[in-house]
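Going line by line, the protein sequences match chains Z and L. Mapping the first sequence onto our numbering, position 75 (from 1) lands on 77, and the numbers just tick up by one. Mapping the second sequence onto our numbering, position 272 (from 1) lands on 274, and the numbers just tick up by one.
I should point out that these hints are in silico values taken from the structure, not numbers from a laboratory. Just so you know, not all the hints are guaranteed correct.
One copy or any two copies: either way a pair holds, since identical chains are not told apart in the list.
Claimed, not checked - List time: in silico EDC-like cross-link candidates among lysine to aspartate or glutamate, alpha-carbon distance up to 16 Å:
{"no.": "1", "residue 1": "K183", "residue 2": "D231"}
{"no.": "2", "residue 1": "K57", "residue 2": "E208"}
{"no.": "3", "residue 1": "K296", "residue 2": "D15"}
{"no.": "4", "residue 1": "K250", "residue 2": "D98"}
{"no.": "5", "residue 1": "K215", "residue 2": "D196"}
{"no.": "6", "residue 1": "K250", "residue 2": "D216"}
{"no.": "7", "residue 1": "K220", "residue 2": "D247"}
{"no.": "8", "residue 1": "K215", "residue 2": "D240"}
{"no.": "9", "residue 1": "K250", "residue 2": "D97"}
{"no.": "10", "residue 1": "K220", "residue 2": "E163"}
{"no.": "11", "residue 1": "K308", "residue 2": "D216"}
{"no.": "12", "residue 1": "K250", "residue 2": "E225"}
{"no.": "13", "residue 1": "K220", "residue 2": "D76"}
{"no.": "14", "residue 1": "K200", "residue 2": "D97"}
{"no.": "15", "residue 1": "K50", "residue 2": "D13"}
{"no.": "16", "residue 1": "K183", "residue 2": "D240"}
If you're wondering where the values come from, they're calculated on a predicted model, not measured in any experiment.
Number of protein chains: 2
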Amino acid sequence: MRAVVLNGVGDVDHLRVEERPDPIPGPGEAVVRLRAAALNHRDVFIRKGQYAGIKFPIILGSDGAGEVAEVGPDVDVSWLGREVVIDPSFNWGPDDRAQHSAFHILGLPVDGTYAEMVRIPAANLHPRPRALSWEEAAAVPLASVTAYRALVTRARLQAGETVLITGIGGGVATTALVIAKRLGATVWVTSGHDSKLKAARSHGAEGGVNHRKDDWAKTLIAEIGSRPDVVIDSAGGDTFNKALDVLKPGGRLVTYGSTLGPADRVEVRRIFWKQLNVLGSTMGPPSDFAAMLKLYESGLRPIIDKVFPLEQASDAHIRMEAGDQFGKIVLRI
Amino acid sequence: MRAVVLNGVGDVDHLRVEERPDPIPGPGEAVVRLRAAALNHRDVFIRKGQYAGIKFPIILGSDGAGEVAEVGPDVDVSWLGREVVIDPSFNWGPDDRAQHSAFHILGLPVDGTYAEMVRIPAANLHPRPRALSWEEAAAVPLASVTAYRALVTRARLQAGETVLITGIGGGVATTALVIAKRLGATVWVTSGHDSKLKAARSHGAEGGVNHRKDDWAKTLIAEIGSRPDVVIDSAGGDTFNKALDVLKPGGRLVTYGSTLGPADRVEVRRIFWKQLNVLGSTMGPPSDFAAMLKLYESGLRPIIDKVFPLEQASDAHIRMEAGDQFGKIVLRI
Numbered sequence: 003m004r005a006v007v008l009n010g011v012g013d014v015d016h017l018r019v020e021e022r023p024d025p026i027p028g029p030g031e032a033v034v035r036l037r038a039a040a041l042n043h044r045d046v047f048i049r050k051g052q053y054a055g056i057k058f059p060i061i062l063g064s065d066g067a068g069e070v071a072e073v074g075p076d077v078d079v080s081w082l083g084r085e086v087v088i089d090p091s092f093n094w095g096p097d098d099r100a101q102h103s104a105f106h107i108l109g110l111p112v113d114g115t116y117a118e119m120v121r122i123p124a125a126n127l128h129p130r131p132r133a134l135s136w137e138e139a140a141a142v143p144l145a146s147v148t149a150y151r152a153l154v155t156r157a158r159l160q161a162g163e164t165v166l167i168t169g170i171g172g173g174v175a176t177t178a179l180v181i182a183k184r185l186g187a188t189v190w191v192t193s194g195h196d197s198k199l200k201a202a203r204s205h206g207a208e209g210g211v212n213h214r215k216d217d218w219a220k221t222l223i224a225e226i227g228s229r230p231d232v233v234i235d236s237a238g239g240d241t242f243n244k245a246l247d248v249l250k251p252g253g254r255l256v257t258y259g260s261t262l263g264p265a266d267r268v269e270v271r272r273i274f275w276k277q278l279n280v281l282g283s284t285m286g287p288p289s290d291f292a293a294m295l296k297l298y299e300s301g302l303r304p305i306i307d308k309v310f311p312l313e314q315a316s317d318a319h320i321r322m323e324a325g326d327q328f329g330k331i332v333l334r335i
Numbered sequence: 003m004r005a006v007v008l009n010g011v012g013d014v015d016h017l018r019v020e021e022r023p024d025p026i027p028g029p030g031e032a033v034v035r036l037r038a039a040a041l042n043h044r045d046v047f048i049r050k051g052q053y054a055g056i057k058f059p060i061i062l063g064s065d066g067a068g069e070v071a072e073v074g075p076d077v078d079v080s081w082l083g084r085e086v087v088i089d090p091s092f093n094w095g096p097d098d099r100a101q102h103s104a105f106h107i108l109g110l111p112v113d114g115t116y117a118e119m120v121r122i123p124a125a126n127l128h129p130r131p132r133a134l135s136w137e138e139a140a141a142v143p144l145a146s147v148t149a150y151r152a153l154v155t156r157a158r159l160q161a162g163e164t165v166l167i168t169g170i171g172g173g174v175a176t177t178a179l180v181i182a183k184r185l186g187a188t189v190w191v192t193s194g195h196d197s198k199l200k201a202a203r204s205h206g207a208e209g210g211v212n213h214r215k216d217d218w219a220k221t222l223i224a225e226i227g228s229r230p231d232v233v234i235d236s237a238g239g240d241t242f243n244k245a246l247d248v249l250k251p252g253g254r255l256v257t258y259g260s261t262l263g264p265a266d267r268v269e270v271r272r273i274f275w276k277q278l279n280v281l282g283s284t285m286g287p288p289s290d291f292a293a294m295l296k297l298y299e300s301g302l303r304p305i306i307d308k309v310f311p312l313e314q315a316s317d318a319h320i321r322m323e324a325g326d327q328f329g330k331i332v333l334r335i
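Construct the complete structure from the given sequences, taking the supplied hints into account.
Shown next as structure tokens:
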């Protein structure tokens, strides 16, 4: 099969289209002939050497959709030929509250979806939501389970509540926008790009503020006319403090990333006096994945930024690294 | 009536026994003839000028128990003569999740319980738990509602779980110890005093570590043989970070104070990757107060450190400020 293989740490020249042996399913496994894959920031972080446990060569990619081409021993043969999306979480473990230490994600250490075929446990197969195109289906898995867990399982977002999504544009944030709207919430966003604030409005956000301007938290509260019930953030750093500041008393901050690093001078007094809830979230167990897919069965659609052919995975990486996207960046296979 | 009146900010000389007019109940109010009061760190912070909105003269004291001596218009006269404990929270508001901005606490800005009599809304009266002495009843209100909310309403502590209570010795921490034991949890503690670790063990703690020693978090995990499900902390500062470090994945940190100030370099990554819950908590609404009292109806007893006569409130303050107590410091009236 053809695959995009990462051969070393560094720039996109290390992503090369190569011929690789077709995968063979072991017991309990299936091989999926992929029709589309999608990028995640994780892929870029891995390429740039910012992940522990990197090995080469590796086929990146956590998101994929396609048809079941082959099944191994002990797998229900009725899966053969079915159209599926792949749950990229392996070994979550028995406790839905937190992943087991053996937890890992498709695309490192095991080969991922930047390829014509991928081998995965049959337990990770889910029927493709009928209304979605291949590109849309491939845009769903990692970002949507992360956004769903953050909003639903962790924040328990209710219809009529106001949610602030910081740093709109990436896969999880844009998916959180459409999920929160679908749940009946009012959505506000922040971004460093006015064009993304505009794009968010066109996808249903009530409004947004540019976080590169001073006092964005103050501006936001003035524009909303109140304070958000929920903040969904993956920036960390000083944004973590700002989130604690803007939240309504009793509000929830769901943190699912820290691209800006640790948070300094966190006002613990603000957390207890405002009775805040700071809820860590990453990925999600099979139960979250299945519940998330139901939303797509009932008409939800992910936001696609741009579709590249598999062979142009390097260009797709360049686009993600530039940070200009609004929605998921997809590879057509 | 006689009362201990605070006349200015500073040392305990500003606490003076004075004759003051007997309080008169207004509509919806009652006057309680107090039999005992109790100290809280809040009282010491106020005396030292570390609270906003201080006014003089003020009678300190949030905790009290006694007999209803008089009721105002619109109050059920059957309260007259009844033995009561006082809920010190006023104007919590309609949302149990967080207090209203008009929330305040008995003992500032309204006169408190370091006195022979106190005037309070009749809604704040609760029958005294029968098994408790006057001193024990007075030791209950502020510390117990705070500990109850932290452990039960916020952490949802379950039987069989392990809870770490940092800085054992004060009223909330020692009350949290007895409540957590009553709920069937295993309790570990930290303190800077080995004598308090010993006292905690004698009150049912499984064990504890001295937090003045390096690597106490590591020592604690080694001694427990696992990680705590819940941490209850009022230190903040670096203890906040240590708490995030020691917790089990999916665990809960309830923060109800920050005597060490803000927390620096908070590892947001640790919060999301471990799927932690950081839950702010302070005091509690009437529903928490009523639920907490039920525990004392069924045999629970607060830990009393020492009882002083009302006239020696200054000595009681000196003891609290020295930080040598284990349990509540009570004033007999």
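Right, here's what the structure says about each hint:
| no. | hint | in the structure |
| --- | --- | --- |
| 1 | K183 <-> D231 | within (14 Å within a copy, 34 Å between copies) |
| 2 | K57 <-> E208 | neither (44 Å within a copy, 44 Å between copies) |
| 3 | K296 <-> D15 | neither (39 Å within a copy, 68 Å between copies) |
| 4 | K250 <-> D98 | between (28 Å within a copy, 14 Å between copies) |
| 5 | K215 <-> D196 | within (11 Å within a copy, 51 Å between copies) |
| 6 | K250 <-> D216 | neither (21 Å within a copy, 38 Å between copies) |
| 7 | K220 <-> D247 | within (9 Å within a copy, 32 Å between copies) |
| 8 | K215 <-> D240 | within (14 Å within a copy, 31 Å between copies) |
| 9 | K250 <-> D97 | between (30 Å within a copy, 12 Å between copies) |
| 10 | K220 <-> E163 | neither (19 Å within a copy, 41 Å between copies) |
| 11 | K308 <-> D216 | neither (32 Å within a copy, 52 Å between copies) |
| 12 | K250 <-> E225 | within (15 Å within a copy, 40 Å between copies) |
| 13 | K220 <-> D76 | neither (58 Å within a copy, 44 Å between copies) |
| 14 | K200 <-> D97 | neither (40 Å within a copy, 35 Å between copies) |
| 15 | K50 <-> D13 | within (7 Å within a copy, 60 Å between copies) |
| 16 | K183 <-> D240 | neither (27 Å within a copy, 39 Å between copies) |
Consistency note: the structure conflicts with the earlier hints numbered 2, 3, 6, 10, 11, 13, 14 and 16.
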